[in-house]
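What follows is each chain in one-letter form.
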Amino acid sequence: MGLIEKVIDWIDERAHVKDIYRTQMVEYKVPKNLTFPYVFGVLALVTFAIQIISGMVLILYYKPSIADAFDSATYTIMGEIPFGWLFRHIHAAGANFFMAIVYLHMFTGIYYNAYKRPRELVWIVGWLIYFVLILTALSGYLLPWGQLSYWGFIVTTEIPGSLADAPILRDIFKAIAETIVLWMKGGYIVTDVTLGRVFGSHVLIYPLILLALVGIHLYLVRAAGISNPEGIEYDKKKNPDKFVPFHPYVTLKEGAYVMWYLAVFFFFVFFHMGHFLPADNFEPANPLKTPPHIAPEWYLLGFYEVFRSIPSKFWGFVAFNALLIFLLILPLLDWSPLKSARRRPLFFVAFVVFMISSMVLTILGTMEPTPMNAKLGLIFSFLVFGFFLSLPIISFIEYGWYKAKGGKQQ
Amino acid sequence: MSAWDIIKTIIFGGSTLVFFFILWFYNPFKHVEHYEVDEEVKGIIANPWKKTESGKTIAEEGRELFIASCSSCHSLRYDGIYLMSVQSNPKWKNIEKSAGRPIYRHGVLYKDRFFVPKDVYEAFAYEDLQNLKAALGQVPPDLSATYLARGDGYLYQFILNPQKVLPGTSMPQIFNPQYDEQAKEKVAKIVAYMKSVNVPPPKEQVKRNVMGVLVIAYFIVMGLLLWKYRTNLLKRLGYY
Chain R
7 MGLIEKVIDW IDERAHVKDI YRTQMVEYKV PKNLTFPYVF GVLALVTFAI QIISGMVLIL
67 YYKPSIADAF DSATYTIMGE IPFGWLFRHI HAAGANFFMA IVYLHMFTGI YYNAYKRPRE
127 LVWIVGWLIY FVLILTALSG YLLPWGQLSY WGFIVTTEIP GSLADAPILR DIFKAIAETI
187 VLWMKGGYIV TDVTLGRVFG SHVLIYPLIL LALVGIHLYL VRAAGISNPE GIEYDKKKNP
247 DKFVPFHPYV TLKEGAYVMW YLAVFFFFVF FHMGHFLPAD NFEPANPLKT PPHIAPEWYL
307 LGFYEVFRSI PSKFWGFVAF NALLIFLLIL PLLDWSPLKS ARRRPLFFVA FVVFMISSMV
367 LTILGTMEPT PMNAKLGLIF SFLVFGFFLS LPIISFIEYG WYKAKGGKQQ
Chain H
101 MSAWDIIKTI IFGGSTLVFF FILWFYNPFK HVEHYEVDEE VKGIIANPWK KTESGKTIAE
161 EGRELFIASC SSCHSLRYDG IYLMSVQSNP KWKNIEKSAG RPIYRHGVLY KDRFFVPKDV
221 YEAFAYEDLQ NLKAALGQVP PDLSATYLAR GDGYLYQFIL NPQKVLPGTS MPQIFNPQYD
281 EQAKEKVAKI VAYMKSVNVP PPKEQVKRNV MGVLVIAYFI VMGLLLWKYR TNLLKRLGYY
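Just so you know, the protein sequences line up as chains R and H, in that order. Using this note's numbering, read the first sequence as starting at 7 and increasing by one per residue. Using this note's numbering, read the second sequence as starting at 101 and increasing by one per residue.
Please note: incorrect hints may appear among the correct ones.
Claimed, not checked - Beyond 12 Å from chain H on every Cβ pair, some chain R residues (computed): (1) Leu51; (2) Met62; (3) Ile160; (4) Ile186; (5) Ser207; (6) Gly261; (7) Asn292; (8) Val358; (9) Leu395.
What the hints assert, rightly or not - Partial list, computed: chain R residues near chain H (C-beta under 10 Å): (10) Ile65; (11) Tyr67; (12) Tyr117; (13) Gly152; (14) Gln153; (15) Thr162; (16) Pro166; (17) Pro254; (18) Thr257; (19) His278; (20) Phe282; (21) Leu370.
For the record, the hints were derived by calculation from the structure and aren't laboratory data. Model, not experiment: these values are computed from the prediction. Just so you know, even glycine gets a beta-carbon here, dropped at the ideal spot from N, CA and C.
Excised from the complex, chain H in its bound form:
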């Protein structure tokens, strides 16, 4: 390779790599809002599947908190949580059984939670949702995949102080650190619960990582073997 070839390789290869690095890894030119989780509760959100002193996992505690504090306005259909007013309706159980199916997520079956299609749920809960809309200005969103859309920092800060993050929102401040010592912890547990619904559990994640490493290693090794085979073959054929 001549010096000119090396310069060309650097120009074309380098600019291509930089270009895709900016697009696919880190774009320093793009403005992104950043929200941080408070240091003292980071551990809670980091692993929602950890057992607490009460013998339940953080995610389970977060689920109870979610049902108690959030489900009067928000549903979380991917884990079988619907509006409180809907779930207290005796007819709802029949709808869950006939139109829904038990929640099955990452290999775990939850027999007592049901996934009901969106249109069926919204038709059944039409009046409840309209009442909420009349009171709050809009229908409070379903929070099934909100964790994936917003990330833990945003959710944590938003639940802790909605007006600060999104001025003018109709979301009330349920957990106020001024009056409730455990407010931050509770919010973190709720965020951890929302994470547990959308992110594969550690066991599954380990499986995926091992699978990924094996697949990548397989292709690298196969490439090397092919290259070696080619070199030997071409030497024998006199092409090299």
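Next up, chain R with everything else stripped away, as it sits in the complex:
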């Protein structure tokens, strides 16, 4: 018996890890026909781990005060500390990858209708993760204290202020808007106090909430079972041939995908950081000088473009919040028990339109706000809204077809 086995036995005798391994890894069965996009869940988890570990290193050298923040990030971390640059690159690239992977994961969930019964809670907790993730990203973006950080934060925190443009009950909406803006900024102007507060929430409050939510999300996935790309819920006992053991069938496959994902990730970290550490942000924050083009980071540009292309500020604000709410109540909008775009031709078309429109909205957000772009933005905003609002009708039609065919699963 080798040393490793001895150590494992020693631990097993005390912690019963072999039982957990057997019941949770080998005897845990997942559908055999899982497709490639199912990997995004584990990639998101890996990126979360990367963010936490690289953040732990950065927090040791970062100073949350407006006098020192920029210097500690650009001078101390990038030059003085051995490999500080590496951890900053990893954290900055990881933030972008995290959002990208989470978006892909969400689109996968929508495509395979993974939000339907019995997985509604998985979807709702996932939505909460997404929401806290946006807050984490916004707060983290302020910390380098560059021009983009500073003005991006100001613009983002002042977007709720558009509530003050409400057509009715203006006084009440104005009071609400002012309160929200003050909460987000922590004062009338962005100062040392704001930076400290944002730092605290970025390094402690949001990560803790995220950790808890991710734990709940994982538990719920295990409890409800992984969805099937075919959209058919097989019984594990009646159809054992449709299932494979989680280990080694899925773990090794996703392990290989994770390795290749990390290869892509480290390509960006070592050789292509220009888009993750934008040049404009190497100018220290200057409250007296507003840069000409301020836009949020790419992961919010879709929402930003919806907000920007609607002529009224109030309705723009309502619109992009409605999009967030629509995402949350997807299980209600798409009410029929039919699952997976593979079996739903109308839903497939709607999904493709939705996906392309959200991408176009994001790219329109990077462009300058010309009247032409505003018109295009309006058209694609309508398409995105059209996707959500047509879901009940699509569900109705497809459910009718399903019933007409005799209501069988296949």
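Given chain R, put chain H in place with the hints provided.
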């Protein structure tokens, strides 16, 4: 895989790749101002660590030029250059020693240059900075990380002819090619110096590149090995 599967893969995979290519590599829809360095001085900015005939590196010559021509208005704290009026103040040496620390950058220690925190420096130099503000309309910015923010093309064109690039700026035209034959060369040396402060030296860059290639190769190979191991294992278990 059926034809329909292939079409779906192309639709979803292709659009995702195109989308992230536009966001993370090259965005043809985004308007970006472009400034070019003149052809004859490109070599100077390309490698600031090259030795010149005088035995110094280009970056060192650029530093001397920076202190002589720029430091009456601009500081460059990441390399221990402060306003001329501050550095000539005898008390400043004590501040550097007590509040600052020697510059240490990419593994090289510069014992005679000091990094002083921004608030300490601005408090000490308050009057000097206010005088500059009164004369120029605003406090001239510290140029520590300006190279990273603006890039060499912009800096070169701007220093050579500030009014052309940024009309109405209070920055004077110090180097005029009409009166000074070496003007372009001098400007290029200053830009090269600013680059040397912010960009890792070639030796360090090579180290980083080798490290990057090794890390990427490691993950690719590990992925392949895992895949191979999985195929063999599943064949033995009868799952394949």
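Hint-by-hint comparison with the structure:
{"no.": "1", "hint": "Leu51", "result": "holds, 17 Å"}
{"no.": "2", "hint": "Met62", "result": "holds, 19 Å"}
{"no.": "3", "hint": "Ile160", "result": "holds, 19 Å"}
{"no.": "4", "hint": "Ile186", "result": "holds, 29 Å"}
{"no.": "5", "hint": "Ser207", "result": "holds, 24 Å"}
{"no.": "6", "hint": "Gly261", "result": "violated, 5 Å"}
{"no.": "7", "hint": "Asn292", "result": "violated, 8 Å"}
{"no.": "8", "hint": "Val358", "result": "violated, 7 Å"}
{"no.": "9", "hint": "Leu395", "result": "holds, 23 Å"}
{"no.": "10", "hint": "Ile65", "result": "violated, 19 Å"}
{"no.": "11", "hint": "Tyr67", "result": "violated, 13 Å"}
{"no.": "12", "hint": "Tyr117", "result": "holds, 8 Å"}
{"no.": "13", "hint": "Gly152", "result": "holds, 8 Å"}
{"no.": "14", "hint": "Gln153", "result": "holds, 8 Å"}
{"no.": "15", "hint": "Thr162", "result": "violated, 19 Å"}
{"no.": "16", "hint": "Pro166", "result": "violated, 26 Å"}
{"no.": "17", "hint": "Pro254", "result": "holds, 6 Å"}
{"no.": "18", "hint": "Thr257", "result": "holds, 9 Å"}
{"no.": "19", "hint": "His278", "result": "holds, 7 Å"}
{"no.": "20", "hint": "Phe282", "result": "holds, 8 Å"}
{"no.": "21", "hint": "Leu370", "result": "holds, 8 Å"}
Hints 6, 7, 8, 10, 11, 15 and 16, counting from the list given before, are not met by this structure.
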